[in-house]
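As a plain string of letters, each chain reads:
Number of protein chains: 2
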Amino acid sequence: MRAADLVEPYPTVGIDDNAMDAARLMAEERLVGVIVMTADGRPYAVLPGSQLLRFSVPRYIQADPTLARVVDERHADLMCARLADQKVRDVLPDEGPVPAVVHPGATAMEIAALMARSHTPLVAVYDGSAYLGAITASGLLRRLLAAG
Amino acid sequence: MRAADLVEPYPTVGIDDNAMDAARLMAEERLVGVIVMTADGRPYAVLPGSQLLRFSVPRYIQADPTLARVVDERHADLMCARLADQKVRDVLPDEGPVPAVVHPGATAMEIAALMARSHTPLVAVYDGSAYLGAITASGLLRRLLAAG
Numbered sequence: 208m209r210a211a212d213l214v215e216p217y218p219t220v221g222i223d224d225n226a227m228d229a230a231r232l233m234a235e236e237r238l239v240g241v242i243v244m245t246a247d248g249r250p251y252a253v254l255p256g257s258q259l260l261r262f263s264v265p266r267y268i269q270a271d272p273t274l275a276r277v278v279d280e281r282h283a284d285l286m287c288a289r290l291a292d293q294k295v296r297d298v299l300p301d302e303g304p305v306p307a308v309v310h311p312g313a314t315a316m317e318i319a320a321l322m323a324r325s326h327t328p329l330v331a332v333y334d335g336s337a338y339l340g341a342i343t344a345s346g347l348l349r350r351l352l353a354a355g
Numbered sequence: 208m209r210a211a212d213l214v215e216p217y218p219t220v221g222i223d224d225n226a227m228d229a230a231r232l233m234a235e236e237r238l239v240g241v242i243v244m245t246a247d248g249r250p251y252a253v254l255p256g257s258q259l260l261r262f263s264v265p266r267y268i269q270a271d272p273t274l275a276r277v278v279d280e281r282h283a284d285l286m287c288a289r290l291a292d293q294k295v296r297d298v299l300p301d302e303g304p305v306p307a308v309v310h311p312g313a314t315a316m317e318i319a320a321l322m323a324r325s326h327t328p329l330v331a332v333y334d335g336s337a338y339l340g341a342i343t344a345s346g347l348l349r350r351l352l353a354a355g
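Residue numbers (this note's numbering), protein chains in the order written: chain A, 208 to 355; chain B, 208 to 355.
The shape of chain A in the complex, shown without the other chains (with noise of 0.2 angstroms):
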C-alpha cells in the first residue's frame, strides 16, 4: 500500500492567492486543510484550517483570548475582513510551511509517521513534475482498516 494507491483528488490554493479563497474551499467542501500550490504548480505546504483561523483573530486576542469576550459584537465581520485583507502565503505558519509531501512510492507507514510528526491530517503527493492529489488521515485510516 504506497501513497500512489491511496491518493486523491484534492483542492488546492495558489499561494499569492487570497486566503479568503481558502477559507472558502475549507468552507464550502467541509475541508480539514488544503494543499497550498507555488506559482510553477508544486505542492508547497498544507494549511490546515485551525491554522488559518489564527489570521482570522486580531494579535492582542491571540495573545489573551479571555479579551474575546469583551470584543463581542461583530466577530463575524471583524474575522473575515482580516482573512480578505491576506494572502495565503501570509497565513501560513512562522515556523516555516509543514512540509507534507510525499512521492508516489511512500508507503503507508512512512505516510502516518509524517502526519504525526507533522501534526497535519493531510499530505499531498507529488512525483516530482506533477500534483497527483491529497491523502487525509481518516482514509488512510479507512484504507488500512479495509486492508488490515
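Please note that the accuracy of each hint is not assured.
[To be verified] Partial pick of chain A residues on the chain B-facing surface, computed with a CB cut under 10 angstroms:
#1 MET208
#2 GLN258
#3 ARG276
#4 HIS282
#5 LEU290
#6 GLY312
#7 THR314
#8 PRO328
#9 THR343
#10 LEU352
#11 ALA353
None of these hints come from the bench; they were simulated from the model.
Note that CB positions come from ideal geometry on N, CA and C, so glycine has one too.
Keeping the supplied structure of chain A fixed, place chain B upon it in accordance with the hints.
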C-alpha cells in the same frame, strides 16, 4: 455568534475504549478527529486522526521514517494490530491532552483562538453537566463567511 449557536452533534469515544474503535469511527465517518469522554461523561480531550496514526507506527520508525521503506510488506496488518492493542487513553498526546473544550457562551473569536493555539480542528462544547457536541474549524469558517 456563540458556541451554543455553532455546536453540532459530534461522535465521541470513551477514554477506556479500544483505540481501534476510535480509528473505525474516524474512518467510517471521515472525521478529522474524535472527542474523548471520561467515564462520567465529561469531554476530556480531542484525539486528532494524525495523533492516532502515530500509535499505529512502531517507535523505531517514528524516530526514523526512512526505515518504513524497508519493512514494506504487511504494513496494514502491523499498523492495525498496534491500534487494536491499545486503549484510547494510551494514544493521547504525551504532553497532555489537547484541552479543546469550551462553554456554550464562548465567542467565535475565542473558539478560533483556541483552535489556532492548540492546533486542533475540533473543540467540544460542555456546559458543566452535559456534552452538547462539537465545533469544527471548517464549520466555524462556514458560519463566519455566511455572517461576515
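So, going through the hints one by one against the coordinates:
Proximity of MET208/A to chain B holds as hinted, the smallest CB-CB distance being about 6 angstroms (cut-off 10 angstroms). Contact between GLN258/A and chain B, as hinted, is supported at the beta carbon level, the nearest pair being about 7 angstroms apart and thus within 10 angstroms. Interface hint status for ARG276/A: upheld, as the beta-carbon distance to the closest one in chain B is roughly 6 angstroms, under 10 angstroms. With a least beta-carbon distance of about 5 angstroms to chain B, the hint placing HIS282/A at the interface is held under the 10 angstroms criterion.
At a threshold of 10 angstroms, the smallest CB-CB gap from LEU290/A to chain B is about 8 angstroms, leaving the interface hint in force. Checking GLY312/A against chain B: minimum C-beta separation of about 8 angstroms stays under 10 angstroms; hint holds. Evaluation of the THR314/A hint against chain B yields a held restraint, the C-beta minimum of about 5 angstroms falling below 10 angstroms. The beta carbon of PRO328/A comes within 5 angstroms of a beta carbon in chain B, closer than 10 angstroms, and the hint placing it at the interface holds.
Interface restraint check for THR343/A: the shortest CB-CB distance to chain B comes to about 8 angstroms, inside 10 angstroms, so the restraint holds. Checking LEU352/A against chain B: minimum C-beta separation of about 5 angstroms stays under 10 angstroms; hint holds. With a cut of 10 angstroms, the hint placing ALA353/A at the interface with chain B holds, because the nearest CB-to-CB distance is about 8 angstroms.
In this structure, every one of the numbered hints holds.
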